[in-house]
Amino acid sequence: MAELLLALLAGIWLLGVWMRIYQQARFYQIEEYMSGRYLRWVLARRGRLLPARSIAAWILGLAIGGLLAQAPASAVPQIIALIAAVVAVYPARELEMKKKIAMTARMKRLLVSAGALSAIVFAALHNAVSAFAPMDMNLLSSVATSSLGLALFILTPVWLATGNLLAQPLESLLRRRYLRRAAVTLEKLQPKVIGITGSYGKTTTKNFLRDILSARFRAYATPKSYNTLMGISLAINRDLADDYRSEYFISEMGAYVEGEIDRICQLTPPDIAIVTEIGPQHLERFGTLDKVKEAKYEIVRNLPPDGVAVLNWDNPYVREMAAAGYPNTILTVSRELNVEAARAQGVAWIASDIRETLAGLTFRVAHLASGEEAQIGTRILGEHNVTNLLLCIAVAHCEGVPLRDIALRIGSLQPAESRLAQEKTAAGITIINDAYSANPKGVVSALKVLGLHEHGARLLVTPGMIELGNLQDEENHKLGLLAAQHATDIILIGKEQTQPIARAIRSTSFDLSRLRVVETLTESIDWYQQNLKAGDTVLFLNDLPDTY
Amino acid sequence: MSSRRRRVVAVIFGGRSVEHDVSIVTGHQIMDAFPADGYEIVPVYISRDGRWFTGDALARLDNFKDENILQRAGVKACLLSPDARHHGLIVDPLAPRFSKSDVRRIDVAFPALHGSHGEDGSIQGLFELADIPYVGYATLGSALTNDKIMTKTILRQAGIPVLDDHWVAREDWLAEPDSVIAEILRRFSFPLFIKPATLGSSIGIGRADSEALLRASIDVAANFDRRIMIEPAVTDGIEVNCSVIGLGQHFEASTLEQPLSWDDFLSYEDKYLRGGEGMKSAERLLPAPISDELTERIKETSIAAFKAVDGRGIARIDYLVRPDRNELYLNEINTMPGSLAFYLWREDGYTTTDLAQKLVQLALDAHVEKRRTLYDYQTNLVDLASQRGIKGSKGSK
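Here the protein sequences come in this chain order: X and Z. With the numbering used here as the guide, the letters of the first sequence map in order to residues 1 to 548. With the numbering used here as the guide, the letters of the second sequence map in order to residues 549 to 945.
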């Protein structure tokens with residue numbers, strides 16, 4: 001009887017450890033399987049590492065069990081410990097889950113590896129402890145098992161990190177096979193490769209370019225925001241395996257660490273490279289903007305000498321890339337310079353007479369070398385998109401698409417998912433979805449678009465910008481000032497990280513009764529659905545991962 | 549074919565068309581309409597970029613919310629074989645090692661495709677090559693009605709009233725926009741409608757009250773087609789639609805509807821919604837509120853037009869009508885109307901199941917009719933040619 005209860009107790013704790021591994025694996029995945037980043041996230045708040053309810057249940061269970069234990073052979077302490085264990089490991093309700101765990105093959109391998117590891121360690125330690133705590137002492141043995149269970153429960157992050165480490169040899173073997181398959185597929189297809197990098201604007205530029213080049217060629221672009229080596233090879237293996245037609249392969253190349261673009265370029269060596277912007281996005285991971293620039297410059301370094309670099313002249317860091325003088329053909333674009341200045345600085349393409357209304361953007365584009373000009377009209381919103389379009393125009397023109405055809409195609413472009421996409425709800429409220437805009441440039445554009453809605457209330461919903469390193473407070477302060485200027489109502493999500501925005505808003509004459517701070521996106525949606533009416537507008541600016 | 553065997557119907561949806569998503573919905577409406585006894589449904593999905601797939605998971609509309617639907621178990625690549633002996637799909641044509649490709653025989657193809665590559669004769673051409681019975685218009689009728697300019701030319705010939713129009717080729721528009729505009733303004737005055745010649749839905753269609761808007765609208769339309777049609781806008785008319793089904797000598801016209809746009813809906817709300825009718829019925833007025841005489845004329849015109857374009861199967865024919873002046877203009881013929889115009893036929897006593905089954909029967913009947921045509925005719929031409937040598941002979945054509 002006593003042995004059975006003890007085994008049950010151990011079983012409940014082990015089950016609890018497994019459930020916690022599963023629950024935590026979601027965050028491990030959001031942190032891209034990087035143990036360092038995940039552990040930093042866990043350690044950032046005490047509640048993440050030390051589950052209060054579990055610890056309280058453990059203490060109470062032991063205390064009550066100890067008090068009620070009359071005889072060494074009494075089953076009472078064990079039963080109390082069982083109840084305490086169930087209370088301790090019962091999964092907590094998630095506050096808000098924006099991104100569910102994705103049950104990829106890799107995730108399954110990680111779960112098996114971490115689960116097996118925790119079970120083995122539990123069994124081994126339990127045996128060792130049992131040697132010291134005689135089985136017939138029910139109080140002592142249940143104390144030992146419960147304590148061991150709790151320790152392993154709290155150590156969940158360790159099981160994940162170690163499990164990941166143990167799975168590494170298999171993971172890297174599979175990765176190599178996967179990459180080889182992608183390389184073979186590309187070898188067969190032999191497309192011209194266009195690589196796009198930058199701190200932001202990659203996905204939008206990629207989709208624009210695919211649609212514009214399609215006016216003349218068959219162009220394939222990697223889906224969504226796939227921009228890592230594995231993401232890109234996944235796309236190749238999935239989409240191009242029996243593709244014998246694509247002439248262009250357009251891919252964004254993300255740089256989260258130095259050398260990453262080099263590795264991507266080994267798989268997909270670019271013929272044309274586009275650099276959109278260098279900004280404080282993910283600055284936390286790099287430290288300085290110069291380091292960000294170095295990491296992104298890898299894309300240009302990987303061009304052959306007869307390749308083409310297409311660069312945004314308006315960004316000082318990208319401009320430095322042009323100054324380096326490699327490769328032979330460098331095409332620069334600007335939406336800030338006038339004709340004389342652009343000519344003097346050797347800029348290839350400029351946009352002028354930029355106007356933005358709710359119907360979209362219009363501007364005049366000029367190719368200074370040939371004197372070719374065209375009027376561009378598009379339904380796309382956001383002034384920063386003029387730069388993205390200029391980059392695409394430069395590439396398409398260089399590849400032989402006539403300017404007139406480019407202009408025609410731009411007239412029918414659609415915004416990429418969650419990037420300044422406007423829609424009207426059944427209740428007549430305009431929703432501007434800019435959930436992916438997490439950068440200073442995009443924020444300015446988005447708030448200006450909100451300001452264009454002259455009738456009705458203009459509600460801004462935002463958790464602010466993150467991962468901007470030491471520029472974060474300053475940039476969020478600017479966001480606050482602009483928000484106060486363009487919005488009539490503001491909802492900030494997350495009291496702690498939105499403080500710089502709130503401070504900035506309070507420094508203006510903004511009516512503070514129209515500023516709200518909530519903890520979840522759901523609350524903000526409830527609020528607008530109850531308080532806004534037909535003709536009003538909501539801007540959802542940036543959406544943070546669940547780890548915030 | 550034994551009558552006890554279930555009929556295998558391949559419902560083909562999706563497609564390389566701007567109306568891809570609508571087609572997914574239509575396809576599922578059709579698949580759901582068939583009774584399980586008597587029919588075996590094979591879903592065939594054509595992705596936006598033109599890849600073909602089949603598998604049971606594709607028969608559930610819910611699954612299409614999952615972006616990884618094509619990676620699901622049982623979903624396999626397929627293609628419709630043009631080889632007449634296969635009479636069906638080749639499933640998993642590029643099967644990797646350790647698996648094999650199979651032929652899946654189908655009895656009837658039911659294209660639920662809208663717009664380009666589906667409603668324009670191209671897939672019908674493939675069905676003809678494969679020698680498989682298929683629902684709807686044949687190659688010529690599909691290609692013809694898919695093109696608004698050609699449709700109107702034929703209908704004028706048949707004495708059916710259509711609006712005047714002017715069309716321009718994209719090449720001409722790109723080369724000499726000014727003379728194109730001058731010609732349009734010489735013939736018509738604003739407001740004008742600008743339409744790509746071959747799109748079924750409202751995508752790419754513009755309305756212009758000024759020269760600037762006219763230019764912008766032609767630019768937009770030019771993204772969707774090589775030929776662009778400009779016609780004067782009828783500002784004081786209402787839209788009326790009628791569906792026709794039939795083949796050969798037997799045709800039926802449905803109850804007429806007046807579709808309502810969102811703006812119409814707002815203005816009609818007070819008049820028609822107070823009676824407790826749901827939102828759903830407000831999308832259209834059924835039957836259309838026009839005189840019996842005009843209704844009868846539209847039905848007759850619809851059947852005449854259906855015949856004039858060599859129609860078979862089903863179509864929804866759209867009109868612009870000025871009820872007070874007793875005037876009507878045939879606007880377009882949709883050979884694969886959204887939802888198959890099921891809702892119109894309900895008024896005439898057809899359930900969706902009846903309609904789906906009837907269309908399959910018409911497809912089989914049309915195929916029987918096609919059998920009357922000889923495709924194989926023995927000659928000794930090859931023998932003669934090989935005896936004389938190819939250089940000297942001129943052939944029989």
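Since the hints were derived computationally from the structure, they do not count as laboratory data. A few of these clues could be false.
Dumping the calculated DSS-like pairs for lysine-lysine here, alpha-carbon to alpha-carbon at most 25 Å [unchecked claim]:
| id | chain 1 | residue 1 | chain 2 | residue 2 |
| --- | --- | --- | --- | --- |
| 1 | X | 98 | X | 495 |
| 2 | X | 100 | Z | 613 |
| 3 | X | 100 | X | 495 |
| 4 | Z | 624 | Z | 613 |
| 5 | X | 188 | Z | 906 |
| 6 | Z | 613 | X | 224 |
| 7 | Z | 613 | X | 108 |
| 8 | Z | 918 | Z | 855 |
| 9 | X | 424 | X | 224 |
| 10 | X | 108 | X | 98 |
| 11 | X | 293 | X | 478 |
| 12 | X | 188 | Z | 624 |
| 13 | X | 98 | Z | 613 |
| 14 | X | 188 | X | 99 |
| 15 | Z | 613 | X | 99 |
| 16 | Z | 906 | Z | 847 |
| 17 | X | 478 | X | 495 |
| 18 | X | 424 | Z | 855 |
| 19 | X | 99 | X | 495 |
| 20 | X | 224 | Z | 624 |
Interface residues of chain X toward chain Z, partial, derived using beta-carbon atoms under 8 Å [to be verified]:
| id | residue |
| --- | --- |
| 21 | 109 |
| 22 | 403 |
| 23 | 488 |
For clarity, every value in this text was computed on a predicted model and none was experimentally measured. Note that beta-carbon positions come from the ideal geometry of N, C-alpha and C, so glycine has one too.
Checked hints:
1. 98/X x 495/X: Judged against 25 Å, a Cα distance of about 18 Å means the pair holds.
2. 100/X x 613/Z: With a Cα-Cα distance of about 15 Å, the restraint between residue 100/X and residue 613/Z holds, given a limit of 25 Å.
3. 100/X x 495/X: OK: residue 100/X and residue 495/X at ~24 Å, within 25 Å.
4. 624/Z x 613/Z: Judged against 25 Å, a Cα distance of about 18 Å means the pair holds.
5. 188/X x 906/Z: violated (48 Å)
6. 613/Z x 224/X: holds (16 Å)
7. 613/Z x 108/X: holds (23 Å)
8. 918/Z x 855/Z: holds (17 Å)
9. 424/X x 224/X: It holds: about 23 Å lies between the C-alpha atoms, which stays within 25 Å.
10. 108/X x 98/X: holds (21 Å)
11. 293/X x 478/X: holds (23 Å)
12. 188/X x 624/Z: holds (22 Å)
13. 98/X x 613/Z: holds (17 Å)
14. 188/X x 99/X: The hint is violated at about 36 Å.
15. 613/Z x 99/X: holds (16 Å)
16. 906/Z x 847/Z: holds (20 Å)
17. 478/X x 495/X: Distance ~18 Å between residue 478/X and residue 495/X Cα, so the pair holds.
18. 424/X x 855/Z: violated (42 Å)
19. 99/X x 495/X: holds (21 Å)
20. 224/X x 624/Z: With a Cα-Cα distance of about 23 Å, the restraint between residue 224/X and residue 624/Z holds, given a limit of 25 Å.
21. 109: violated (18 Å)
22. 403: With Cβ-Cβ at 11 Å, over 8 Å, it is violated.
23. 488: Violated: closest Cβ of chain Z sits about 26 Å from residue 488/X, beyond 8 Å.
The earlier numbered hints that this structure contradicts are 5, 14, 18, 21, 22 and 23.
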